[in-house]
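Q: What follows is each chain in one-letter form.
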Amino acid sequence: MLAFLRFERQRLFHEKKNLLFLIFIVLFSLYFVWSGLTEYRQFQVEKKIFIKFEKEKISQFITYTQYGTLGFRLLYEVSPLNLFFVNSGMLEDVESNIDSSENIKVESSFKGKKLFIKRGYFKDFAGIPFVFGSLFMLYLGNLALVSPAHVRFMMGRLPLKKYYVLTAFARLFWLNLFFIALGLSLFLLVQAGGVRFSKLESGMFMLYILFMVVLLDFFYLLGQLTTVLVRFRKIFFLWLFIVWFICIFLLPEISRINVFNKSSALESAENVNLEKFRVLMALEKKFRDFLKEKQTIPLDQIRQMQKKFAGQFMNSGFLMNAALETKYLRDVEKVIRGHEWQSVLFPTTFYYFLSGEASGKGYYGYLDFMDYIMKLRNRFIQYYLQKRYANNYAVIESFVKGDENIFHARSQLPGTYWFGFLATTFYAAVFFVLAYWRLRCLVYPS
Amino acid sequence: MITLKNLSLEHGDFYLSAVSLQVRSGEIYFLLNRQSLSNDFLFNVLSGFRAPDGGEIFYDECRRILAGRSLPAAFINKVVDTADFETEARIGDWIDFLCRCGNLPRENVLQTLMVLNFNEINLRKKVRDLTPEIFRQVYLALCLAPDAPNIVINDFIKGMEKSLEMKFNKLLWQKKAAGRAILYLSNDIIYAAEIADRVGFIKNGHLLFEADAVDIKDMDIKDLYYKFLN
Numbered sequence: 007m008l009a010f011l012r013f014e015r016q017r018l019f020h021e022k023k024n025l026l027f028l029i030f031i032v033l034f035s036l037y038f039v040w041s042g043l044t045e046y047r048q049f050q051v052e053k054k055i056f057i058k059f060e061k062e063k064i065s066q067f068i069t070y071t072q073y074g075t076l077g078f079r080l081l082y083e084v085s086p087l088n089l090f091f092v093n094s095g096m097l098e099d100v101e102s103n104i105d106s107s108e109n110i111k112v113e114s115s116f117k118g119k120k121l122f123i124k125r126g127y128f129k130d131f132a133g134i135p136f137v138f139g140s141l142f143m144l145y146l147g148n149l150a151l152v153s154p155a156h157v158r159f160m161m162g163r164l165p166l167k168k169y170y171v172l173t174a175f176a177r178l179f180w181l182n183l184f185f186i187a188l189g190l191s192l193f194l195l196v197q198a199g200g201v202r203f204s205k206l207e208s209g210m211f212m213l214y215i216l217f218m219v220v221l222l223d224f225f226y227l228l229g230q231l232t233t234v235l236v237r238f239r240k241i242f243f244l245w246l247f248i249v250w251f252i253c254i255f256l257l258p259e260i261s262r263i264n265v266f267n268k269s270s271a272l273e274s275a276e277n278v279n280l281e282k283f284r285v286l287m288a289l290e291k292k293f294r295d296f297l298k299e300k301q302t303i304p305l306d307q308i309r310q311m312q313k314k315f316a317g318q319f320m321n322s323g324f325l326m327n328a329a330l331e332t333k334y335l336r337d338v339e340k341v342i343r344g345h346e347w348q349s350v351l352f353p354t355t356f357y358y359f360l361s362g363e364a365s366g367k368g369y370y371g372y373l374d375f376m377d378y379i380m381k382l383r384n385r386f387i388q389y390y391l392q393k394r395y396a397n398n399y400a401v402i403e404s405f406v407k408g409d410e411n412i413f414h415a416r417s418q419l420p421g422t423y424w425f426g427f428l429a430t431t432f433y434a435a436v437f438f439v440l441a442y443w444r445l446r447c448l449v450y451p452s
Numbered sequence: 013m014i015t016l017k018n019l020s021l022e023h024g025d026f027y028l029s030a031v032s033l034q035v036r037s038g039e040i041y042f043l044l045n046r047q048s049l050s051n052d053f054l055f056n057v058l059s060g061f062r063a064p065d066g067g068e069i070f071y072d073e074c075r076r077i078l079a080g081r082s083l084p085a086a087f088i089n090k091v092v093d094t095a096d097f098e099t100e101a102r103i104g105d106w107i108d109f110l111c112r113c114g115n116l117p118r119e120n121v122l123q124t125l126m127v128l129n130f131n132e133i134n135l136r137k138k139v140r141d142l143t144p145e146i147f148r149q150v151y152l153a154l155c156l157a158p159d160a161p162n163i164v165i166n167d168f169i170k171g172m173e174k175s176l177e178m179k180f181n182k183l184l185w186q187k188k189a190a191g192r193a194i195l196y197l198s199n200d201i202i203y204a205a206e207i208a209d210r211v212g213f214i215k216n217g218h219l220l221f222e223a224d225a226v227d228i229k230d231m232d233i234k235d236l237y238y239k240f241l242n
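Read top to bottom, the protein sequences are chains A and B.
Converting from the first sequence to this note's numbering requires adding 6 to each position, the first position being numbered 1.
Converting from the second sequence to this note's numbering requires adding 12 to each position, the first position being numbered 1.
For the record, the hints were derived by calculation from the structure and aren't laboratory data.
Misleading hints may appear alongside valid ones.
[Unchecked claim] Okay, derived cross-link-like pairs now, PhoX-like style, lysine-lysine, Cα gap no bigger than 20 Å in a straight line:
#1 Lys313(A) / Lys300(A)
#2 Lys292(A) / Lys23(A)
#3 Lys17(B) / Lys22(A)
#4 Lys138(B) / Lys22(A)
#5 Lys291(A) / Lys313(A)
#6 Lys138(B) / Lys23(A)
#7 Lys188(B) / Lys23(A)
#8 Lys111(A) / Lys381(A)
#9 Lys292(A) / Lys313(A)
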């Protein structure tokens, strides 16, 4: 075993091409982690400005009516772990406005420098091993067994099974060690740069690295299998590229299109808003009819009636609208769950899903954000109605306590993590066995 | 001693029907066959990668054992393309690895390399940086390292430079002198006349003619060639 470990280390790390590729991966990973760190720091600065602005904004309001109409903004803050997954999230940099209106708004600003932020294209730490690491592993899987002539030559010295298993084991040992060391050293480097991770986040990152390594092993074994299937022919590189393209781009895109098609079964968000608007307007109409009937009523009684109507709204219309919104959110959640299980079926689609959730800007991050908005909005409207009808012109007291207007999104592992892990391991094991079986047929023709 | 008993094979145009021959210890036997591809096929059968359709192969009274276990024979195949052995490791590391995992005596490898006048600077090079001749020296040294009592060779010197051919001949004579039985598959009658003790000609699936090399030297080689190898 030691002889294999030593020899494969020399094969992998004494080759200039491999070294160049590895250095390229290290440098790019470093660059993207640095860029993620810069973005994280910039966000912290902007967060402070945001908090200051929101405090000042409230002090500018004269009446609670103004406060209720304009409301306050809610900022979406991702976990520090996001700096490794800056471009892997499903959401852009979002925020919401909590006010007394019926619509829930989740928006992304393109003002100023945010206009120039272009998300996507694997431009983060998670993207580098995914795109370049997978290609590199496919290539190394292709080179592993060298040629049928070499395999036959080796078989004169040791059994095929032993040679095959130990070669794969030794190569994967060094390659996995490289990617684990890369991930961990960048994690430590970021901590040295002043970013603190909770225990949960650290554990999550370790599990992410574990899946990444299994995914890369999957590509290595796929490369090995492809080589054996095309009988080590030299035209093979085209096949290698096709296989890589299908795995990295085509299958995740098919999965994305599929979830989009499934989401079209959801009711339009506009319909939900319209339904909520109807409920609100029905109450407004009722109040207007009441005023028409009693035109001579004094102003203080009108205020009393307004308060009564508002109370009625809170107990009926608002609850109904909240239920509509919750139901809609749960329907969205069903689509997300379906997509999650579909992602489990193939390693690359699951990697997309996993890195999205690990970034804190994934689908479940969105659901948490919406739940938080609804809770906060519920409390704000009650607060607003109470304050408005108690004394509209009193000094405005901020609704936001502490950092309530910052939503701290968690980096989270999908509930299907271990299923995804097992599915990937299963694929890798199948490729490993299949390649051995084909190699045996190639070396021992019937 | 290498013994083929009623060996029958069929592969495309090539076939052998019930060929029997014996290569004694301390003897170089040349089995001449017109088609190079047929020799490759026969070599695969002799080295255990293919099963014969009939008959048996014995190495020192032992039945043929599947490759991968310790064989009582060394197999030296022709090296068609050195790129087939491009492991991306340095030659020295490759030799170390093979000696460790294949339990090959390192001194045997070095001894053979010395006989071949191998320059040790080449140990620091990779296969792609070596000329095919130099790589063949390493290959040969590794194949002969186990010092097996029997040696089966498939047209190894084909296309080789004369200097290496001479070194190779020297090695064969050394092995012969040490009592090794050597079976050489080829279609080169001139080389056979130069080095063999006995020569067998295969034509139309049969071992048609067997002769001592001394007798062949007295015969018209051209005539033999046209009769059996054309």
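Q: Each hint should be assessed against the structure and marked as holding or not.
A: Quick rundown of the hints versus the structure:
no.	hint	verdict
1	Lys313(A) / Lys300(A)	holds, 16 Å
2	Lys292(A) / Lys23(A)	violated, 77 Å
3	Lys17(B) / Lys22(A)	violated, 51 Å
4	Lys138(B) / Lys22(A)	holds, 12 Å
5	Lys291(A) / Lys313(A)	holds, 15 Å
6	Lys138(B) / Lys23(A)	holds, 13 Å
7	Lys188(B) / Lys23(A)	violated, 44 Å
8	Lys111(A) / Lys381(A)	holds, 14 Å
9	Lys292(A) / Lys313(A)	holds, 14 Å
In this structure, the hints that do not hold are numbers 2, 3 and 7, in rising order.
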